[in-house]
Structures are given as C-alpha cells and as structure tokens.
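So the protein sequences, as listed, match chains A and B.
The opening position of the first sequence corresponds to residue 1 in our numbering, with each subsequent residue numbered one higher.
The opening position of the second sequence corresponds to residue 1 in our numbering, with each subsequent residue numbered one higher.
Incorrect hints may have been included.
[What the hints assert, rightly or not] Simulated pairs of lysine-lysine, DSS-like, Cα-Cα distance not exceeding 27 Å:
hint, chain 1, residue 1, chain 2, residue 2
1, B, Lys15, B, Lys112
2, A, Lys69, B, Lys8
3, A, Lys26, A, Lys62
4, A, Lys191, B, Lys15
5, A, Lys78, B, Lys109
6, B, Lys42, B, Lys90
7, A, Lys132, A, Lys155
8, A, Lys78, A, Lys132
9, B, Lys112, A, Lys69
10, B, Lys81, A, Lys29
11, B, Lys112, A, Lys78
12, B, Lys43, A, Lys69
Source of the hints: derived by calculation from the structure; they are not laboratory data.
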Amino acid sequence: MKLKEIPFKDQSAERIYQDYLYRIRKQVKGLNQQNQDEILMELNSHIYENLQEHPAGNEVEKLLNILEKLGRPEEILKPLVADKKLAEATRTFNPIHVFKALLLNLTNGISYIIFFILYLFLFGFVFLICAKIWNPSQVGFFYKPGEVFIIGLSKGLVNPADEILGNWFIPVMIIVAIALYFMITLLLKLKRTINK
Amino acid sequence: MNEDFIHKWISQVKKGTLSFIVLNVLKSGKAYYGYDLINEIKKITEIEIAEGTLYPLMNRLKDEKLIISEWVEQESGIPRKYYSITHEGKNTVTKMEEYWHNLNQSILKITK
Chain A
1 MKLKEIPFKD QSAERIYQDY LYRIRKQVKG LNQQNQDEIL MELNSHIYEN LQEHPAGNEV
61 EKLLNILEKL GRPEEILKPL VADKKLAEAT RTFNPIHVFK ALLLNLTNGI SYIIFFILYL
121 FLFGFVFLIC AKIWNPSQVG FFYKPGEVFI IGLSKGLVNP ADEILGNWFI PVMIIVAIAL
181 YFMITLLLKL KRTINK
Chain B
1 MNEDFIHKWI SQVKKGTLSF IVLNVLKSGK AYYGYDLINE IKKITEIEIA EGTLYPLMNR
61 LKDEKLIISE WVEQESGIPR KYYSITHEGK NTVTKMEEYW HNLNQSILKI TK
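In isolation and in its complexed conformation, chain A is listed as follows (with noise of 0.2 Å):
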C-alpha cells in the first residue's frame, strides 16, 4: 500500500499539507520502508479523515487546526522513531541499524549510553588488527604461564616468541569481535523485552 495524498482546491493549503508531509518524511527516513509508509499513511488518513468531517470553511484554517491538534512531526515522531528502530535494529542485528537506534535512544536512559560504550569497546578489535598489519612482532596474544598474559599491543615488553596465536591472530580477532557484537545486540533486545 503507498501514500495517496489528499488533494486541496486551495494552493495555500496544498503548500501547508505538503510541507507537513515532509516534515514527516525527514522524521521517519531512518526507519524501514514499510514502516515509513505506515506511519505516513496513518497521519494522512487522520487529516483527511479529520476533514471529511468539516466539509465547509476555509481549507487553510481547518488544514491548520488539523495539524496544530495533531502536533509538530518532530515531536510526535520521536518516540514511535525510536522505539521502532531499535525493534529493527535488535530484529535484524545490523551495524548500520544499531547504531542508529542507540544515537535516536541516548536520552531515553543511562543504560543506552552504556550500549554505546560496549559497541565502542568493539572497535578496539579493529585497531589491533589493523596494528599486527603494521607491527606483526610486538602485537598479539602473548602468553607464558604465570608470566604474561596480553592481548593486544606490548611495544617492547614481551618476547616475540610467546606471541602463541601467529597467522592465526587477525581471523581469531574477527570471531571475537563478531561474537562480542551478537552477545551486546542480544543484550540490547533482552534489555528492550524487559523495558517492555
């Protein structure tokens, strides 16, 4: 189903509606087409409901009453906005989408902040594996029992031959990380189901 637009006799009118419906569309375009639509097409039957209901008088007025009762978009939106994409973002696990909810969710509590740090902490998997590129020997994961334990970057610390994951390393790296990110995105729908 796709947005039919109301149509208005008055050019005025026409200029009223179609910015509001813009308005809409700059709040929701974060979200997935369907519910993009859905929520365009809501609003737009509540308007053309609304005035189905007050044929006569001017169709500037009743457009702006219309849509000073229903709110500005930038403020109505903003709920649905968020707590829709973050139900996307934990549906489909993707980056993109999750970074996205958690910015739109910042205000809505401590712990979305904490979300933001766990998925930060991510990129310091990325950062060592860009590091053993340039520096293979003093990056690794150096271990000798009861003497060192590192992962990551020893500058000069360790003996390049405790280093136990060798070419191993960098994909070692990327399961890590992956597996990281699934158990704070499921953290993150956990979270959501509680709040609910």
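Following the hints, position chain B against chain A.
Chain B only, in chain A's frame:
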C-alpha cells in the same frame, strides 16, 4: 493555588491513563481507526487528548500484543488503519480495572 503544578499533574495523569482509556474503548470488540478513536474518547470522557500522542501509544499497545491493526481500503483511496483488542488485551484491561477500582476506593478514603 499553584496552577502550574496542577497543570503538570493533570498532564501526567492524562498521559498515565491514556492506555487504560484506549483499551476500555476497544474492549467492546468494535474496531476503531485513529481519528474515530480520538472522537469516541472525547465523546465519552470529555477528555481532550493530545492527538499526536495517540499513535505512538497505539504502536506500543500493538508491540505488547494487546491490540492488533489492519489496513482497510476505502472508496476515497485513502485507507484507514483499524485497531481492535486482542484476547490478551481484554484480560489485561480487566486486571487494570480491578486495580483502578481499588485505587479509587483508597483515594476516596484519603480525600474524605
């Protein structure tokens, strides 16, 4: 009298009770579309609700599986999204009513 405080309190009470009001309107089993639901609430309760806040609330109630929605095509070409209560929604609103009744009794006692 602190009018500002009362104004804020009323808006909090309205916000907190809107889901209860919506579920009560829907509990008869009749399906309503958003604008129709707003009018029905106004008609029965004389409560003016901030119309834009209804849609995020309907989405939350749907997420909670208390209501379901369905798009119905209209002759105008502009479809309506009809909401109706689920079995779980009916059970939930019954529990909410019990709580509301007890709360009301307590408030009557305390305000005597």
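To see whether the hints hold, each was checked on the structure:
1. Lys15(B) to Lys112(B): Since the Cα atoms of lysine 15(B) and lysine 112(B) sit roughly 26 Å apart, the hinted pair holds (cutoff 27 Å).
2. Lys69(A) to Lys8(B): Roughly 19 Å separates the two Cα atoms, so the pair holds.
3. Lys26(A) to Lys62(A): This hinted pair holds, its Cα atoms lying about 24 Å apart.
4. Lys191(A) to Lys15(B): The hint holds at about 23 Å.
5. Lys78(A) to Lys109(B): violated, 40 Å
6. Lys42(B) to Lys90(B): holds, 22 Å
7. Lys132(A) to Lys155(A): holds, 12 Å
8. Lys78(A) to Lys132(A): Violated - the C-alpha atoms of lysine 132(A) and lysine 78(A) are around 43 Å apart, more than 27 Å.
9. Lys112(B) to Lys69(A): violated, 37 Å
10. Lys81(B) to Lys29(A): Given that 27 Å is the threshold and the Cα spacing comes to 21 Å, the pair holds.
11. Lys112(B) to Lys78(A): Given that 27 Å is the threshold and the Cα spacing comes to 42 Å, the pair is violated.
12. Lys43(B) to Lys69(A): holds, 17 Å
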